[in-house]
Amino acid sequence: MRRARNHWRGLKNTLALSAVYALTGLALVPLALVLGYTVVQGLPAAIHPEFYLNVERPVGIPGAGIAHAIAGTGIMVGLASLLAIPVGVVSGVHLVEYAAGRWASWVRLAADVLVGAPSIAIGLFGYVLFVAPQHHFSGLSGAIALAVLMLPVVIRTTEGAVALIPASLRESGLALGLPRWRVALQLVLPAAAPGVITGALLAMARAAGETAPLLFTGFGNRSWNLDPTQPMSALPLIVYHDALTPYPALQQQAWGAALVLVALVLVINLASRWVLRRQIRLAGQL
Amino acid sequence: MIEARRLPARVRRAPERFRLLTAAVSVAAPAVLVGIVIVLYQEAAPAIGRFGVGFLVTANWNPVTLDFGALPFIYGTVVTSAIAIAVALPVGVAVAMVLTEQGAKGLRGVVGTGIELLAAIPSVVYGIWALYVLAPFVFSHVEVPLSSRFGFIGFLSGPPRQTSLFTASLVLAVMILPTLSAVSRDVIRAVPKGLRESSVALGATWWETNWKVVLPAARAGIFGATVLALGRALGETIAVTMVIGNRPEIPASIFSPAYTLASVIANEFTEATGQIYPAALVELGLVLILVAFTVNMVALLLVRRTAAISA
Chain A
0 MRRARNHWRG LKNTLALSAV YALTGLALVP LALVLGYTVV QGLPAAIHPE FYLNVERPVG
60 IPGAGIAHAI AGTGIMVGLA SLLAIPVGVV SGVHLVEYAA GRWASWVRLA ADVLVGAPSI
120 AIGLFGYVLF VAPQHHFSGL SGAIALAVLM LPVVIRTTEG AVALIPASLR ESGLALGLPR
180 WRVALQLVLP AAAPGVITGA LLAMARAAGE TAPLLFTGFG NRSWNLDPTQ PMSALPLIVY
240 HDALTPYPAL QQQAWGAALV LVALVLVINL ASRWVLRRQI RLAGQL
Chain B
0 MIEARRLPAR VRRAPERFRL LTAAVSVAAP AVLVGIVIVL YQEAAPAIGR FGVGFLVTAN
60 WNPVTLDFGA LPFIYGTVVT SAIAIAVALP VGVAVAMVLT EQGAKGLRGV VGTGIELLAA
120 IPSVVYGIWA LYVLAPFVFS HVEVPLSSRF GFIGFLSGPP RQTSLFTASL VLAVMILPTL
180 SAVSRDVIRA VPKGLRESSV ALGATWWETN WKVVLPAARA GIFGATVLAL GRALGETIAV
240 TMVIGNRPEI PASIFSPAYT LASVIANEFT EATGQIYPAA LVELGLVLIL VAFTVNMVAL
300 LLVRRTAAIS A
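The listed protein sequences derive, respectively, from chains A and B.
Position 36, counted from 1, in the first sequence is what numbering that gives the first Met the number 0 calls 35; the numbers after and before it change by one each time, with no gaps.
Position 250, counted from 1, in the second sequence is what numbering that gives the first Met the number 0 calls 249; the numbers after and before it change by one each time, with no gaps.
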């Protein structure tokens with residue numbers, strides 16, 4: 000009787016264990032499929048050098064490219080980083096230095112809630128605040144919408160990285176008579192730099208892949224444009240607009256742009272991991 | 000101490016100045032948060048004034064007669080998110096269990112990296128993949144067989160479409176999986192080691208330990224992870240917009256086209272003219288963001304409380 004029950008328990012354990020591993024395997028299937036299809040479908044377009052050198056052309060004319068979208072993504076993400084990273088890093092430092100204060104807990108709550116803000120609503124915000132008063136779409140308004148998206152990510156990752164620095168480093172600085180701002184900015188922040196950079200890179204990767212905030216701000220542009228006061232294209236916008244057209248040539252262009260976008264985002268992600276690994280090695284030395 | 004008191008006022012005030020300066024910069028996040036709500040409210044005011052509370056419970060959406068109601072979009076958003084959670088939750092918890100296992104370090108590395116990459120893929124890439132690969136596959140291998148055999152059940156009735164509520168839910172499930180598994184992993188990891196060890200010491204099998212001891216202890220946190228994932232699902236825009244079919248109706252079947260709050264804004268806002276039409280779309284955005292903020296705060300409280308209890 001007891002042996003039969005133990006046998007059943009063992010069987011149940013094996014079954015459950017297999018089910019858990021099967022479900023885990025299932026979780027990785029979409030990753031393989033998305034990456035696989037993007038590479039296979041995107042390569043025919045992305046393999047040509049002119050894809051990176053030319054701009055969009057009317058359907059049926061060969062030699063179209065996405066150079067303007069690459070430039071647009073670069074400019075808008077760059078401007079957004081200039082806005083969001085300094086503000087986010089200083090906010091994150093404040094959260095650690097004055098962690099006990101009531102204000103710090105409000106900032107932390109705001110950042111946590113803002114991380115979950117629907118990106119389309121951020122796009123509407125950018126439209127109402129910057130596009131509607133000026134009566135035209137612009138790369139700058141797109142950059143501001145992306146900055147709103149990046150800000151909470153930078154704040155929380157900076158806070159996490161700075162909080163990891165051992166208290167002894169801060170205490171030795173203070174013991175030497177350094178004022179608090181010099182300890183925070185010249186001692187603690189450089190020690191936490193790899194973690195802070197990782198957070199900034201991840202925020203940039205996220206911003207580079209976002210479409211919804213740009214729909215009503217950057218808007219898209221079919222020609223070459225480096226002027227941020229004018230409408231500006233971006234890689235996700237190309238994928239979105241061209242994928243929904245009935246023309247195979249444009250669909251192929253969308254897949255090509257998707258491949259470039261995925262490659263860009265994954266490279267930034269891998270780079271950030273590399274920086275983070277250095278952080279861990281550094282922290283071991285402290 | 001006596002020395003310190005004699006320091007010039009300039010030096011003594013410096014730390015205070017640093018505090019105020021960084022505090023002033025950190026106003027940005029709360030200001031943006033409050034700013035979004037205020038700006039969207041002002042912009043939606045014409046629609047709020049005209050339709051009142053009825054906006055939330057009316058199913059009309061007619062830009063020609065300027066009759067607007069949010070119900071079809073609320074329905075689409077809630078149903079896609081619910082199906083996505085139902086599909087992703089078992090997978091997410093299973094992944095979290097594997098990631099918190101003691102052994103199998105190599106496997107854990109592969110799974111952990113894979114889930115992180117899944118989170119890194121942009122929404123629009125999921126969208127193009129879902130539109131050209133997932134939708135045709137789901138249509139011919141799931142929707143058609145199911146609706147032809149079980150079509151007499153209302154929500155499985157035909158005729159099925161490639162772009163449907165169901166397809167959108169599946170993409171959403173994939174997209175919220177990283178959130179679900181990462182947060183579940185953290186709360187399962189926070190369960191005191193002693194609990195697990197006592198259970199094993201009493202002779203419980205791996206499954207009995209996890210199912211009867213570890214998961215119940217982490218229940219509130221896993222619920223929090225689910226609510227957090229729900230918040231992400233509600234606000235997801237681009238991938239859903241590409242495969243949901245964009246029809247402002249409340250469909251009987253999950254295999255029919257529908258619409259969500261986020262996707263109707265994405266599709267119609269740039270072509271909305273006049274005063275009431277754009278205002279109605281912004282009001283949808285306001286509804287979306289208020290719901291997302293509330294859901295997020297509830298989730299944070301749940302996750303934090305579990306972490307506090309186990310700490």
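There may be inaccurate statements among the hints.
Below, computed lysine to aspartate or glutamate pairings styled on DMTMM-like, alpha-carbon distance capped at 20 Å [as the list claims (entries may be wrong)]: (1) K192(B) with E115(B); (2) K11(A) with E100(B); (3) K211(B) with D185(B); (4) K104(B) with E115(B); (5) K192(B) with E207(B); (6) K11(A) with E207(B).
Selected chain B positions facing chain A (in silico; Cβ < 8 Å) [said to hold, decoys possible]: (7) I114; (8) P121; (9) S147; (10) A200; (11) R231; (12) G273; (13) Y276; (14) I288; (15) L299.
These are calculated hints, taken from the structure and not from any lab test.
The C-beta atom is built at its ideal place from N, Cα and C for all residues, glycine as well.
Okay, the hints, checked on the actual structure:
1. A hinted pair counts as satisfied when its Cα atoms are at most 20 Å apart, and K192(B) with E115(B) does not qualify at roughly 26 Å.
2. Using a Cα cut-off of 20 Å, the hinted pair K11(A) and E100(B) holds, with the two alpha carbons roughly 18 Å apart.
3. For the hint linking K211(B) to D185(B), the alpha-carbon distance of about 19 Å falls within 20 Å, and the restraint holds.
4. A threshold of 20 Å between alpha carbons decides the hint, and for K104(B) with E115(B) the separation of about 16 Å falls inside it, so the pair holds.
5. About 15 Å separates the Cα atoms of K192(B) and E207(B), which keeps this hinted pair within 20 Å; it holds.
6. With a CA separation close to 9 Å, the supplied pair K11(A) and E207(B) stays within the 20 Å bound.
7. Hint on I114(B) holds. Least Cβ distance to chain A is approximately 7 Å, under the 8 Å limit.
8. Taken as an interface hint, P121(B) checks out: its beta carbon lies about 3 Å from the nearest beta carbon of chain A, inside 8 Å.
9. Annotation: S147(B) was flagged as interfacial toward chain A, and the flag is violated, the nearest CB pair being 26 Å apart, outside 8 Å.
10. Interface hint status for A200(B): violated, as the beta-carbon distance to the closest one in chain A is roughly 16 Å, over 8 Å.
11. Interface restraint check for R231(B): the shortest CB-CB distance to chain A comes to about 7 Å, inside 8 Å, so the restraint holds.
12. About 14 Å separates the beta-carbon of G273(B) from the nearest beta-carbon of chain A, more than 8 Å, and the hint is not met.
13. Annotation: Y276(B) was flagged as interfacial toward chain A, and the flag is violated, the nearest CB pair being 14 Å apart, outside 8 Å.
14. Using the Cβ-Cβ criterion of 8 Å, the hint placing I288(B) at the interface with chain A is satisfied: the shortest such distance is roughly 4 Å.
15. Contact between L299(B) and chain A, as hinted, is supported at the beta carbon level, the nearest pair being about 6 Å apart and thus within 8 Å.
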